[in-house]
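There are 2 protein chains.
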Amino acid sequence: MINWNNLDTTISYQELSKVAPVKLAEVMSGENGAERVRKYSVPMAEGMVFNYASRPVDEAVLGALANLAKETQLAEKFEALYNGEVINTGEKRMVLHHMTRGQLGDAVVADGGDKRAFYTAQQEKIAAFANKVHNGEITNAAGEKFTTVVQIGIGGSDLGPRAMYLALENWAKVNNTFKMEAKFISNVDPDDAAGVLNTIDVAHSLFVLVSKSGTTLETLTNESFVKDALKNAGLDPSKHMVAVTSETSPLAKSADYLDAFFMDDYIGGRFSSTSAVGGAVLSLAFGPEVFAQFLDGAAAADKTAKNANILENPAMLDALIGVYERNVLGYESTAVLPYSQALSRFPAHLQQLDMESNGKSVNRFGASVDYVTGPIIFGEPGTNGQHSFYQLLHQGTNIVPLQFVGFRNNQMGKDVVIEGSTSQQKLCANVVAQIVAFACGKDNEDRNKYFEGGRPSSIIVGDQLNPKTMGALLSHFENKVMFQGFVWNINSFDQEGVQLGKVLAKKVLAHDTDGALKVYSDLLNI
Amino acid sequence: MINWNNLDTTISYQELSKVAPVKLAEVMSGENGAERVRKYSVPMAEGMVFNYASRPVDEAVLGALANLAKETQLAEKFEALYNGEVINTGEKRMVLHHMTRGQLGDAVVADGGDKRAFYTAQQEKIAAFANKVHNGEITNAAGEKFTTVVQIGIGGSDLGPRAMYLALENWAKVNNTFKMEAKFISNVDPDDAAGVLNTIDVAHSLFVLVSKSGTTLETLTNESFVKDALKNAGLDPSKHMVAVTSETSPLAKSADYLDAFFMDDYIGGRFSSTSAVGGAVLSLAFGPEVFAQFLDGAAAADKTAKNANILENPAMLDALIGVYERNVLGYESTAVLPYSQALSRFPAHLQQLDMESNGKSVNRFGASVDYVTGPIIFGEPGTNGQHSFYQLLHQGTNIVPLQFVGFRNNQMGKDVVIEGSTSQQKLCANVVAQIVAFACGKDNEDRNKYFEGGRPSSIIVGDQLNPKTMGALLSHFENKVMFQGFVWNINSFDQEGVQLGKVLAKKVLAHDTDGALKVYSDLLNI
Numbered sequence: 001m002i003n004w005n006n007l008d009t010t011i012s013y014q015e016l017s018k019v020a021p022v023k024l025a026e027v028m029s030g031e032n033g034a035e036r037v038r039k040y041s042v043p044m045a046e047g048m049v050f051n052y053a054s055r056p057v058d059e060a061v062l063g064a065l066a067n068l069a070k071e072t073q074l075a076e077k078f079e080a081l082y083n084g085e086v087i088n089t090g091e092k093r094m095v096l097h098h099m100t101r102g103q104l105g106d107a108v109v110a111d112g113g114d115k116r117a118f119y120t121a122q123q124e125k126i127a128a129f130a131n132k133v134h135n136g137e138i139t140n141a142a143g144e145k146f147t148t149v150v151q152i153g154i155g156g157s158d159l160g161p162r163a164m165y166l167a168l169e170n171w172a173k174v175n176n177t178f179k180m181e182a183k184f185i186s187n188v189d190p191d192d193a194a195g196v197l198n199t200i201d202v203a204h205s206l207f208v209l210v211s212k213s214g215t216t217l218e219t220l221t222n223e224s225f226v227k228d229a230l231k232n233a234g235l236d237p238s239k240h241m242v243a244v245t246s247e248t249s250p251l252a253k254s255a256d257y258l259d260a261f262f263m264d265d266y267i268g269g270r271f272s273s274t275s276a277v278g279g280a281v282l283s284l285a286f287g288p289e290v291f292a293q294f295l296d297g298a299a300a301a302d303k304t305a306k307n308a309n310i311l312e313n314p315a316m317l318d319a320l321i322g323v324y325e326r327n328v329l330g331y332e333s334t335a336v337l338p339y340s341q342a343l344s345r346f347p348a349h350l351q352q353l354d355m356e357s358n359g360k361s362v363n364r365f366g367a368s369v370d371y372v373t374g375p376i377i378f379g380e381p382g383t384n385g386q387h388s389f390y391q392l393l394h395q396g397t398n399i400v401p402l403q404f405v406g407f408r409n410n411q412m413g414k415d416v417v418i419e420g421s422t423s424q425q426k427l428c429a430n431v432v433a434q435i436v437a438f439a440c441g442k443d444n445e446d447r448n449k450y451f452e453g454g455r456p457s458s459i460i461v462g463d464q465l466n467p468k469t470m471g472a473l474l475s476h477f478e479n480k481v482m483f484q485g486f487v488w489n490i491n492s493f494d495q496e497g498v499q500l501g502k503v504l505a506k507k508v509l510a511h512d513t514d515g516a517l518k519v520y521s522d523l524l525n526i
Numbered sequence: 001m002i003n004w005n006n007l008d009t010t011i012s013y014q015e016l017s018k019v020a021p022v023k024l025a026e027v028m029s030g031e032n033g034a035e036r037v038r039k040y041s042v043p044m045a046e047g048m049v050f051n052y053a054s055r056p057v058d059e060a061v062l063g064a065l066a067n068l069a070k071e072t073q074l075a076e077k078f079e080a081l082y083n084g085e086v087i088n089t090g091e092k093r094m095v096l097h098h099m100t101r102g103q104l105g106d107a108v109v110a111d112g113g114d115k116r117a118f119y120t121a122q123q124e125k126i127a128a129f130a131n132k133v134h135n136g137e138i139t140n141a142a143g144e145k146f147t148t149v150v151q152i153g154i155g156g157s158d159l160g161p162r163a164m165y166l167a168l169e170n171w172a173k174v175n176n177t178f179k180m181e182a183k184f185i186s187n188v189d190p191d192d193a194a195g196v197l198n199t200i201d202v203a204h205s206l207f208v209l210v211s212k213s214g215t216t217l218e219t220l221t222n223e224s225f226v227k228d229a230l231k232n233a234g235l236d237p238s239k240h241m242v243a244v245t246s247e248t249s250p251l252a253k254s255a256d257y258l259d260a261f262f263m264d265d266y267i268g269g270r271f272s273s274t275s276a277v278g279g280a281v282l283s284l285a286f287g288p289e290v291f292a293q294f295l296d297g298a299a300a301a302d303k304t305a306k307n308a309n310i311l312e313n314p315a316m317l318d319a320l321i322g323v324y325e326r327n328v329l330g331y332e333s334t335a336v337l338p339y340s341q342a343l344s345r346f347p348a349h350l351q352q353l354d355m356e357s358n359g360k361s362v363n364r365f366g367a368s369v370d371y372v373t374g375p376i377i378f379g380e381p382g383t384n385g386q387h388s389f390y391q392l393l394h395q396g397t398n399i400v401p402l403q404f405v406g407f408r409n410n411q412m413g414k415d416v417v418i419e420g421s422t423s424q425q426k427l428c429a430n431v432v433a434q435i436v437a438f439a440c441g442k443d444n445e446d447r448n449k450y451f452e453g454g455r456p457s458s459i460i461v462g463d464q465l466n467p468k469t470m471g472a473l474l475s476h477f478e479n480k481v482m483f484q485g486f487v488w489n490i491n492s493f494d495q496e497g498v499q500l501g502k503v504l505a506k507k508v509l510a511h512d513t514d515g516a517l518k519v520y521s522d523l524l525n526i
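These protein sequence lines map, in sequence, to chains A and B. The numbering used here applies: residue 1 is where the first sequence begins, and numbers increase by one. The numbering used here applies: residue 1 is where the second sequence begins, and numbers increase by one.
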């Protein structure tokens, strides 16, 4: 029996609030600090580890968090989710994105069939299509191979797939699995589509139109923009486009597309990178085998997330420490700082994943909550960020918890030795140095050169960023966000906050405005 | 006589704290709201306007802010700055970035010459060099024209120039001033350099090495990486590289470069886009005339920033409202949301500009301050953000002030009409709708569909993003950050917070570690 209760009504949260806070600068110093780094480390899927030594926890805090996990039934709620309960209470939908990469529990039957079989069938259909594009069975009208794939989508149909593409582009190039260059058109700003079209050869481009409902205005607008460009080049748009949509969407059976691949209402946009939304573009860019490895990595991390012991479940542990930092210690933001240029857009994806899921003020039953929920998420790759906003992170007046990601090896295997170390060593040395600098600080009589320390961080470490570790990394954060939503007793799977803007934008376009809306519209010459 | 006092010692700040807060949802509704939008608007340089109707101000708040501006002597402090006072107290340096684009006050003589003449001479030298590259007087060893320019730099030598390049790339293409494609290498991650080199033709590439000191480890490492690639291609690196550095740097007189262009210690990296740091790459990419227009736009906005009347000085007004939101209303973050795909990396630049300048806990004399200073800055272009993190902005438990930017016209002149409106109209309708949605909210019995409103924003509106408006926009934010630093009585022009990490990274690379640092180093296999 699962109980859905607000965080502030739980006994364990009251207990957690009373635990003496950890003095991070103190406990991370000397041999004690070394011991913490050895001890506070959890294996993750695909050989990675989640090291939380520099987060503000000790045995007392961890004990309270374990109680909180138990009382809020995190493992049971996850089980209910993957077994097909209607967890998305706002939209009255199941939440099945885990099933795109594996069967974690019972079979789930809906829409007249087994959902795992449905997702697998879509992946196989995509794989067959991609293979035909790669081997030249599917070509442009002139019988020439497609060389470029362009995803047209916005939000979850853009940020996740784009981040994954950038993460694996160079890896695929050096591992000889790079098939087609990918580009992305998302913004309704016409300069976005025009700018991308300016850099590609449309005659050899295949466009993937992604819209679950088939009604996303930005995406349909950009589709028209692209169709015009194809027609102007004397090409037949229907021979250059595929659709990723739901089976009930107007796009599903249209003759406007070479083929259509399906997702469904049980997969939210921000959780759709492992569905056909990511599958089509990534399989076309890197080959279906690479996409399959990516799914394997995510599936392996999902399995780890089933563990009810928080010390053996990095996603659950990360989630709980985050709640402690947010609700007890009062930190408002979290920075995601991957020390990997390939992860340059991963923070933007996590920004959506986290903020759209947990930026809520009502619980899953629609009642206001009396505590803070999802934090602000931002980030850029290191070492770049060190030369940018880290000043505030080190010496600003607010504390921002940090999530580092680092890899022992680079992707492309090219390096240079300067001053006795490789660039990869410098990269790793920097992330290690930052963790300790943030945690321990440094005294100085000159207060301008004084570092208070006590600034928490954790690090996820892997051998290399590749399809499997990328999948595991993605799953880690998806599951972290899910567990936090459970703790806060909110529905992490709807997004009613985006609706009002849509309604008002329609009014503006219909010139059905008054008051401030009218004067602003005049200011923009609409 | 200028007085440098902490914010909390001023009378006007005490007064400001006592003014009744504005009920934004209320005042922005109905005809009152329309009147606010008409009234709370300030002309900016280059035909733009700063509209602050949806910020939480009224006549009482504005009156108190005017008193604060007067008491903290913002206009006098700016005057002292551009006339060459040592405003950067930490490093005991003048702050002269405004002089790269114009003479605002007295002549400033230093390093044996007039500084305005020095900056102008560098711009002329760059212009002459760029023209020779464009007309084929300077070529590769085979006598072929360079087609690509690659900036090697990090932090301020990367984020600003990169954001400006992306902002003007498509504009230059449609206005026939596009000369060379630009790429950027910044991260010490070897995959960054290797990835960029993989996409260019090194034989026709010109590299711009940017390091003020000539000792930035990331940049020198990437220089070596690039030189290896050039040598491996049988090319002479010294025929493919120029340096942007200070006259006293080891790079200044080196035979390793085709030419060297100078900046100096009076220009901080994050304020260097209008110096040779931005000048070389932008002049090579778009031609010196375009860079000159960009400087003109910035100079025009600088002139506006001299005005002591806050209602006629958008940068000063924006700064003061920001301080009110930060220190009195307690908001911790600010989002920058340009409705222009070309400004995709402008938020990343502003993130450095603002957080590195004002993320400080000590005043300009090195004493701790008892109030909060610079906020966290993040952002992505709209409409993309609407499908991502706006959920939290609308319905999350914390309020985040927003800075919108919008343009009436796109850059490339291509558009499509869908459902009776162009993409550009949809883009503008969306930003207008968002402002009102955030400010006014919307009641709903279903609390999951309820919008509280009262979420502040302002918008900067221009006709089109082009070199002049880009320059004015950049200057607006530079001066805003400067004025906020004055109000907080901090030194916005040093960055001691980046030092500790550097020191510890060196220790790691020298294997001179113990405690936590050693165990983390082992974890990363360093």
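Please note that a few of the clues may not be correct.
It does not matter which identical chain is used: a pair holds within one copy or between any two.
When the alpha-carbon atoms are kept at most 27 Å apart in a straight line, the in silico DSS-like pairs for lysine-lysine are as follows [claimed, not checked]:
no.: 1; residue 1: 227; residue 2: 70
no.: 2; residue 1: 70; residue 2: 39
no.: 3; residue 1: 173; residue 2: 183
no.: 4; residue 1: 227; residue 2: 77
no.: 5; residue 1: 239; residue 2: 253
no.: 6; residue 1: 227; residue 2: 92
no.: 7; residue 1: 442; residue 2: 92
no.: 8; residue 1: 239; residue 2: 502
no.: 9; residue 1: 70; residue 2: 145
no.: 10; residue 1: 132; residue 2: 442
no.: 11; residue 1: 507; residue 2: 518
no.: 12; residue 1: 70; residue 2: 306
no.: 13; residue 1: 239; residue 2: 414
no.: 14; residue 1: 183; residue 2: 414
no.: 15; residue 1: 239; residue 2: 183
no.: 16; residue 1: 502; residue 2: 449
no.: 17; residue 1: 23; residue 2: 231
no.: 18; residue 1: 414; residue 2: 253
no.: 19; residue 1: 227; residue 2: 173
no.: 20; residue 1: 303; residue 2: 502
no.: 21; residue 1: 92; residue 2: 449
no.: 22; residue 1: 253; residue 2: 507
no.: 23; residue 1: 173; residue 2: 507
If you're looking for bench data, these hints aren't it; they were derived computationally from the structure.
Structure-based check of all given hints:
{"no.": "1", "hint": "227 / 70", "in the structure": "neither (54 Å within a copy, 57 Å between copies)"}
{"no.": "2", "hint": "70 / 39", "in the structure": "within (22 Å within a copy, 56 Å between copies)"}
{"no.": "3", "hint": "173 / 183", "in the structure": "both (16 Å within a copy, 19 Å between copies)"}
{"no.": "4", "hint": "227 / 77", "in the structure": "neither (45 Å within a copy, 56 Å between copies)"}
{"no.": "5", "hint": "239 / 253", "in the structure": "within (15 Å within a copy, 58 Å between copies)"}
{"no.": "6", "hint": "227 / 92", "in the structure": "neither (36 Å within a copy, 59 Å between copies)"}
{"no.": "7", "hint": "442 / 92", "in the structure": "between (52 Å within a copy, 23 Å between copies)"}
{"no.": "8", "hint": "239 / 502", "in the structure": "neither (32 Å within a copy, 54 Å between copies)"}
{"no.": "9", "hint": "70 / 145", "in the structure": "neither (55 Å within a copy, 68 Å between copies)"}
{"no.": "10", "hint": "132 / 442", "in the structure": "neither (60 Å within a copy, 51 Å between copies)"}
{"no.": "11", "hint": "507 / 518", "in the structure": "within (10 Å within a copy, 61 Å between copies)"}
{"no.": "12", "hint": "70 / 306", "in the structure": "within (13 Å within a copy, 61 Å between copies)"}
{"no.": "13", "hint": "239 / 414", "in the structure": "between (40 Å within a copy, 23 Å between copies)"}
{"no.": "14", "hint": "183 / 414", "in the structure": "both (25 Å within a copy, 19 Å between copies)"}
{"no.": "15", "hint": "239 / 183", "in the structure": "within (18 Å within a copy, 33 Å between copies)"}
{"no.": "16", "hint": "502 / 449", "in the structure": "between (48 Å within a copy, 13 Å between copies)"}
{"no.": "17", "hint": "23 / 231", "in the structure": "neither (65 Å within a copy, 52 Å between copies)"}
{"no.": "18", "hint": "414 / 253", "in the structure": "neither (47 Å within a copy, 30 Å between copies)"}
{"no.": "19", "hint": "227 / 173", "in the structure": "between (30 Å within a copy, 22 Å between copies)"}
{"no.": "20", "hint": "303 / 502", "in the structure": "neither (38 Å within a copy, 39 Å between copies)"}
{"no.": "21", "hint": "92 / 449", "in the structure": "between (54 Å within a copy, 15 Å between copies)"}
{"no.": "22", "hint": "253 / 507", "in the structure": "neither (31 Å within a copy, 62 Å between copies)"}
{"no.": "23", "hint": "173 / 507", "in the structure": "neither (47 Å within a copy, 35 Å between copies)"}
Of the hints listed earlier, those the structure fails to meet are numbers 1, 4, 6, 8, 9, 10, 17, 18, 20, 22 and 23, in rising order.
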